[in-house]
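Top to bottom, those sequences are chains X and R. Numbering-wise (full-length UniProt numbering), the first sequence opens with residue 1 and increments by one. Numbering-wise (full-length UniProt numbering), the second sequence opens with residue 1 and increments by one.
Errors might be hidden in some of the hints.
Unchecked claim - Ranges between beta-carbon positions, derived for each pair:
hint, chain 1, residue 1, chain 2, residue 2, range
1, X, P325, R, R510, 32 to 42 angstroms
2, X, Q238, R, A702, 53 to 63 angstroms
3, R, S232, X, L190, 25 to 35 angstroms
4, X, Q238, R, M444, 50 to 60 angstroms
5, R, R39, X, P319, 17 to 27 angstroms
6, X, T239, R, W470, 28 to 38 angstroms
7, R, A702, X, R146, 39 to 49 angstroms
8, R, M251, X, G182, 20 to 30 angstroms
9, X, I230, R, K446, 56 to 66 angstroms
For the record, the hints were derived by calculation from the structure and aren't laboratory data. Glycine residues also receive a C-beta, built at the ideal position from the N, C-alpha and C atoms.
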Amino acid sequence: MRLLAMMGLALASMCTAQSFGQLQQLSSRDPDGIASLKLDQFMEHVVPEDKDYAVVVQLTALAPEYKCDTCQVVDRSLRAVSRGWQKQQGSAERQIAFATLDVEDGEELFRKMGIDKIPRMMIFPPGRGPHAMSNPSPREMKLNARNSSPAGMASRLSELFHTEIRAHEPISFAAIAKYILGTVAACSGLFAVAKAVRRFSLRKLGRNVWAVCTITFVLVMTSGLMWNRINTPPFIGQTRAGEVVLFAPTNNQQFGVETQIVAAAYAVCALCVVLLVRHTLQVPGSDQRTLVTLLVLASLILTYSYINSVFRLKMPGYPFRLLLP
Amino acid sequence: MSGKFLGLSAADQTSLLRLAILGLISAVAIGSRLYSVIRFESVIHEFDPWFNYRTTKYLVTHGFDKFWNWFDETAWYPLGRVVGGTLYPGIMVTSAAIYNALHLLNLPVDIRNVCVFLAPGFSALTAIATYLLGKEVKNATAGLLAAAFIGIAPGYISRSVAGSYDNEGIAIFLLVWTFYLWLRAVRLGSALNAAFAAISYFYMVSAWGGYVFIINLVPLHVFTLLAMGRYSNRLYVAYSTFYALGTLSSMQVPFVGFQPTFTSEHMAALGTFGLIQVVAAAHYIRGQLPAQQFQTVVRGAVLVLFTVGALALAVLTARGVIAPWTGRFYSLWDTGYAKVHIPIIASVSEHQPTPWPNFFFDLNLLIWLFPAGIFFSFRELTDNHVFLILYSVFAAYFAGVMVRLILTLTPIVCVMAGIAVANLLETYSRNAPSASNSNEPVSMGKRLYALLPRAAVVVNFMFFLFMFQWHCSWITSTAYSSPSVVLASRSPDGSQHIIDDFREAYYWLRKNTRPDAKILSWWDYGYQLAGMADRTTLVDNNTWNNTHIATVGRIMASNEDKAYELARHLDVDYVLVIFGAMLGYSGDDINKFLWMIRIAQGVYPDEVNEQAFFNHEGQYSIGDDASVAMRESLLHKLCYYRFSEVMGPQSFDRVRKQRLPSKVELDNFEEAYTTENWMVRIYKVKDLDNLGRSHHMAAEFAGPRESGFSPF
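One chain only, chain X, in its complex shape (with noise of 0.2 angstroms):
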């Protein structure tokens, strides 16, 4: 609203001799084509509504003093897609111009305007010519996860502007290398294990592959792997102070390193079962075999009441606990 206010007034005060062609110019000091603005700059080129061309602005702060990680990743998101409407045919005749205005730059107008929440996304529509939106006011895109990646960001402008844009992502090398050199790590491991697969026939050491592979498998499946997948958690939690969390503070939301703290202790509780099964009675002598077997005892022990801790940490109001709180 108050910025809508802001608009209003500053469409009163400018002069309205706006041209594409000025904004085009700061746009070609940048190898993306992303008008670097000052605040003038941006009163007289962007705020007016009855302009012909339209405008995307991003609100940032990109100096690293403000440690901004998202305002990097929206940044980097525009830059491909600017670059990618600077590629594409008939980008000419729509004009629409890819603009920043920093906190450096546009302190004054953020703080009049109150937005306390950087970065923001704003899209200024054109109000005349042949592509005038009925609405010409100035609108917001919310930067949600799918917002703020390029092929998101380029869609989403799509639907709005009723034309097609695509982003243009630099071909990282790093990450070419890093397929080749894992293809390439793969191919070299499977050979191995099928040169010692022919070298030594152990039928018995499959067998046991198979049950390492297997119970691998349900183990990380059965501690939310699928969950990080679809869900894609930060790794690991963070409190204002900066001090590390391990868990989410509730039972329906779970951290990366969750899944490998809860795998990781679920194995090392199947591991204490199988050696007390098969493993401690067989132990020669019998005060060492006292000793083993209530040394696995006490780690199982041990292990399950950490499990059971974290679950109370995770679920409040759970009555049962082990040793641990």
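Following the hints, complete the assembly by docking chain R onto the known chain X.
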């Protein structure tokens, strides 16, 4: 174990003991599912059970033929629904059979009670089936433990408490029973057992869509055994019998029909059936030919079969007879598919992936005994164990992808944990080998010392098992025993307050509206409306027609005038909304609204736009902070209309903790009924104005709105 007790030999004593334990387990399994009946009353729960209950009543009163040909014109108005051909009739037929049997014995039981207690009854049968399965794969100890686990595991109780009258209630029993018979058939090579397995499979097909799990797992078992070089005539007899009988009988269920011959879910079974014939032929020929010639025959046969198979696949795919590579096929494996492309599936909370606390919540210590059980299975690795391992892997995968599939994981986890604990207890309760063979007298202290590790392990595991029992009872009592039709809250003094708004509203509709009135509500409440209010609904929980659901979503998201036009177009008489702001009931329609909008946007992208419902701060809010589209939407108006009169103008919405809208005007709809706690609000769609004015003009002409409260 020597010496006679009650004149029985040791073996008989053991059998008696087992029988008694199994009986007790069954009693506990039934008993722990009765919390909701004791706390509330014998009532059908939730949403889907209401449909099952309604159809069961229909079956009991009208007979099987009418049930089979039932076209229900009161659902999905104006489209209607062919009920007989679009449901799994297993559960209804089971209840009706029990009902008729009891009446034959002159026990006049109400059909509702049969339905309410069906799932607990079947859970006792599941425990027995699990015992047999455990006994089949290991021994009676493992079987008893597994039965005790499945009797009380919350993962299964969640779907089988009294009143939860749903397909899963009997399907899990059938799942375990079919697997038991199948393993027996494979072990004995018995065609009779395989035929029994096929009959059980047919029952399962008629009861639950999850039968697909069986018809993929059994062929996979066969295929794995073949790949391991474990072909045997026993396997051949078992699978050929099972597949032929099972498939033919499953095709008798109208909802399944000819699917087993062409859909990708059933192709694995068909392919394995072909493969095992080929392998059997190869084995036969090998017996008849010298080795040299056999090699040639095998090479030729492989070449010919491969060519013919590839050609057939190509031709059939090209002609469109089979479509093995459709989106449906991918959606099973690519877990993100549904989330992106099918909002109606993604909107159901049961279809979300499972975070780890859910596993621990539903299975507790079984979840870490499970891998140990898998390990022990690998040590033995008979044909039975191969099956158990395959079941573990696939059930674990599917349970990870979808919360509700923990249900299919639970039986195997119980069996595996049973094996692990049985191994442990057997190892540690066996008599210790005497430390020294000499005849020296061993002091008491030394004997105790030698006993220490065994005692520690056994006592500790006993304690773990007790804890498991406490955990299960607590979870069942707190999490899985509320009927969700009737809610309960506690007053500060600890007394219970029953909130019965749903039934109040449905009963009002039943008594105060024309029998052919059409009620519009979000699809979640369709089955309950049909079952309790007995009125025509537009959409219900059988979400077969996405467009129709999207239309309802669009009505809710449109402004008042547009919604009025659309509602009149669909002959709607009443609109029903669920509103939790007075009680703080968070599962209400305002919280579901985003899904309505999303689903509507999927079909009407020009009319409904999700972004428009977020305000300038990008938040989804209500009241005066909300965006224009949100404030003017029908749902928002229907929910908050006159709400501030009862709560006071400065008060807050107790779910969303936001200030109420200052002004809500409604002209085209008329408040018909609001329940005690304002949870259900019913509005009448006004008739057209007599003088042809718009309702806004009529209201203006009538003068300022009365501020006082007027009775309806």
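So, going through the hints one by one against the coordinates:
For the pair X:P325 and R:R510, the beta carbons lie near 53 angstroms from each other, so the given range of 32 to 42 angstroms is not met. Against the hinted window of 53 to 63 angstroms, the Cβ-Cβ separation of X:Q238 and R:A702 comes to about 60 angstroms, which satisfies the hint. Taking 25 to 35 angstroms as the suggested C-beta distance range, the pair R:S232 and X:L190 conforms, at roughly 32 angstroms. Our hint of 50 to 60 angstroms for X:Q238 and R:M444 holds, since their Cβ atoms are close to 59 angstroms apart.
For R:R39 and X:P319, the Cβ-Cβ distance of about 19 angstroms falls inside the hinted range of 17 to 27 angstroms, so the restraint holds. In this structure the hint that X:T239 and R:W470 lie 28 to 38 angstroms apart at CB holds, the actual value being about 33 angstroms. The hint said 39 to 49 angstroms for the Cβ distance between R:A702 and X:R146, and at roughly 48 angstroms that hint holds. Our hint of 20 to 30 angstroms for R:M251 and X:G182 is violated, since their Cβ atoms are close to 47 angstroms apart.
Look at X:I230 against R:K446: about 59 angstroms separates their beta carbons, and that is inside 56 to 66 angstroms.
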